[in-house]
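From just these sequences and the hints, can you work out the full model?
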Amino acid sequence: MDRSEALSDLQSCAVEVLHVDPGVVTEQARFKEDLDADSLALIEFVMALEEKFDITVPEEELDGVTTVGQALDLVMTKLSAGA
Amino acid sequence: MTVAGRTPVAVTGMGVKSPVGLDLRSFWSGLCSGVSAAGPITQFDTSDHPVTFACEIGDFDIGAYIGPKEAAHLDRVTHLGFAAAVDALAHAGDLAVDPARVAVVGGTGVGGLITLETEIIKYANKGAMRVSPFLVPMMMSNATAAYIALQHGFTGPNFSVVTACAAGANAIGEATRLLRNGEADVVIAGGAESSITPVGLAAFNRMGALSRRKDDPLHASRPFDKDRDGFVMGEGAGFLVLESWERATGRGAPIYGGIAGYGRNSDAYHITAPSPGGEGAVRCMELALEDAGINPADIGHVNAHGTSTPLNDAAEAEAVMKVFGSSGPPVSSVKGSTGHLIGAAGAVEAIASFLAMAEGQVFPTTNHVEGDPALSIDVVHGAPRSVAAAPAISNSFGFGGHNASLVLVPPPAA
Numbered sequence: 003m004d005r006s007e008a009l010s011d012l013q014s015c016a017v018e019v020l021h022v023d024p025g026v027v028t029e030q031a032r033f034k035e036d037l038d039a040d041s042l043a044l045i046e047f048v049m050a051l052e053e054k055f056d057i058t059v060p061e062e063e064l065d066g067v068t069t070v071g072q073a074l075d076l077v078m079t080k081l082s083a084g085a
Numbered sequence: 026m027t028v029a030g031r032t033p034v035a036v037t038g039m040g041v042k043s044p045v046g047l048d049l050r051s052f053w054s055g056l057c058s059g060v061s062a063a064g065p066i067t068q069f070d071t072s073d074h075p076v077t078f079a080c081e082i083g084d085f086d087i088g089a090y091i092g093p094k095e096a097a098h099l100d101r102v103t104h105l106g107f108a109a110a111v112d113a114l115a116h117a118g119d120l121a122v123d124p125a126r127v128a129v130v131g132g133t134g135v136g137g138l139i140t141l142e143t144e145i146i147k148y149a150n151k152g153a154m155r156v157s158p159f160l161v162p163m164m165m166s167n168a169t170a171a172y173i174a175l176q177h178g179f180t181g182p183n184f185s186v187v188t189a190c191a192a193g194a195n196a197i198g199e200a201t202r203l204l205r206n207g208e209a210d211v212v213i214a215g216g217a218e219s220s221i222t223p224v225g226l227a228a229f230n231r232m233g234a235l236s237r238r239k240d241d242p243l244h245a246s247r248p249f250d251k252d253r254d255g256f257v258m259g260e261g262a263g264f265l266v267l268e269s270w271e272r273a274t275g276r277g278a279p280i281y282g283g284i285a286g287y288g289r290n291s292d293a294y295h296i297t298a299p300s301p302g303g304e305g306a307v308r309c310m311e312l313a314l315e316d317a318g319i320n321p322a323d324i325g326h327v328n329a330h331g332t333s334t335p336l337n338d339a340a341e342a343e344a345v346m347k348v349f350g351s352s353g354p355p356v357s358s359v360k361g362s363t364g365h366l367i368g369a370a371g372a373v374e375a376i377a378s379f380l381a382m383a384e385g386q387v388f389p390t391t392n393h394v395e396g397d398p399a400l401s402i403d404v405v406h407g408a409p410r411s412v413a414a415a416p417a418i419s420n421s422f423g424f425g426g427h428n429a430s431l432v433l434v435p436p437p438a439a
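Chains as they are written, first to last, in our numbering: chain R, 3 to 85; chain B, 26 to 439.
By construction, these hints were calculated from the structure, which means they are not laboratory data.
Do not rely on the hints blindly, as some may be mistaken.
[To be verified] Partner residues aside, some chain R positions facing chain B, computed with beta carbon under 8 Å:
# : residue
1 : His21
2 : Leu42
3 : Ile45
4 : Glu46
5 : Met49
Beta carbons: idealized from backbone N, C-alpha and C, even for Gly.
Structure (structure tokens):
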């Protein structure tokens, strides 16, 4: 899966879980400030990513993840490790 | 106005979400229509349940109150409660109040039950890491009171009462105490319940509390009738805006009635069965009358708990006879129409009493056809009954032996 495909899947998770328009889910978007996702919403979002991409993201790996691009990096790392 | 020297707390706003109506007007006409809201359950598949019917709210849309993101993170019990509170606040008009002086007191039997059930199924199927981070804030029994405050910025006292089927009445009573003690200027008080869920239905049925009249749901909830065989589950919410009489008059607010007395006690007899002879209920009604400083003879209507279970109705009827004598005031129960709203019941029923006072009529007890010969109380049935303006008493009795009675007084004559 290439990065743009993964971003598209991530956007659909954000639309479903964070109730945002797909257009605002850019790599630069910040979860808290731009997507109005608090800490609970972020956990729910990561759960959706785990289901969507069939990956596991330990909570400690979420430290420092504040933007969509950083989340996408994490997803790509997991996908390449699992491939 | 005063009742025996004590000024009642004024009711200046009311909001209701009930199986017979989602606003005050439709709620009242629903109560008077004599038609029960009971029908086949639509919220889930009941094919493996012995009881397949309830009084659901079918056409409620939380989207009229909050956005989809907020709605997704609140249980249905909070949807119903919040909507009722918003309606009550709109009804009350401009409160012109410091938000730090506004309290919220909620009541519920079980809180966000469908959320808990859904997450337990996720846990069983997919494990601990698939349980929603929103489970706790959605299921907690205090969520409705918290959310009402959160959305309106009310930073005064905020808590919830969890006393099963008495919770709604207890919430109003505790709110009355807050106002009397000067701890708040305005209190939003009421109850909400949404426990018509797969496990909720199974559980109430397993304890033998529910009517099993599944071939005839419309006639299943029949308070004080000789053929009653259990209650019918209902869902809904009622919230009221309470403030001091002086404050309400001062801001020129319409007053829909007052809370003059509050009694609450415990049977301390059995975890679900009422105390023999309705002893706990007798004392509870007496406490409410003493608190109001009025005599039993001044009561013009008993808004009964009247669940349609064999045990509750027998005990309550006996208690009413002991307090008011053999030719006591007319008695009626909304539960023939609405089913049992559990933790919302006491609040929704207080609203029913104030609407009855406004109309000068007592609502009939839907499905009550023939009284139990052992229960010699005057059950209003068949049609509304015109009555003179007078105080009413509204009873709520919960599993756990919790009893709560409110003495309600009419608004000032126009």
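Each hint, compared with the structure:
At about 4 Å, the closest approach between the beta carbon of R/His21 and any beta carbon in chain B falls short of 8 Å, and the interface hint on this residue holds. Hint on R/Leu42 holds. Least Cβ distance to chain B is approximately 4 Å, under the 8 Å limit. Restraint check, R/Ile45 versus chain B: the minimum CB separation of about 4 Å is within 8 Å; hint holds. Interface hint status for R/Glu46: upheld, as the beta-carbon distance to the closest one in chain B is roughly 6 Å, under 8 Å.
For the restraint placing R/Met49 at the interface with chain B, the shortest Cβ-Cβ distance is roughly 7 Å, inside the 8 Å limit, so the hint holds.
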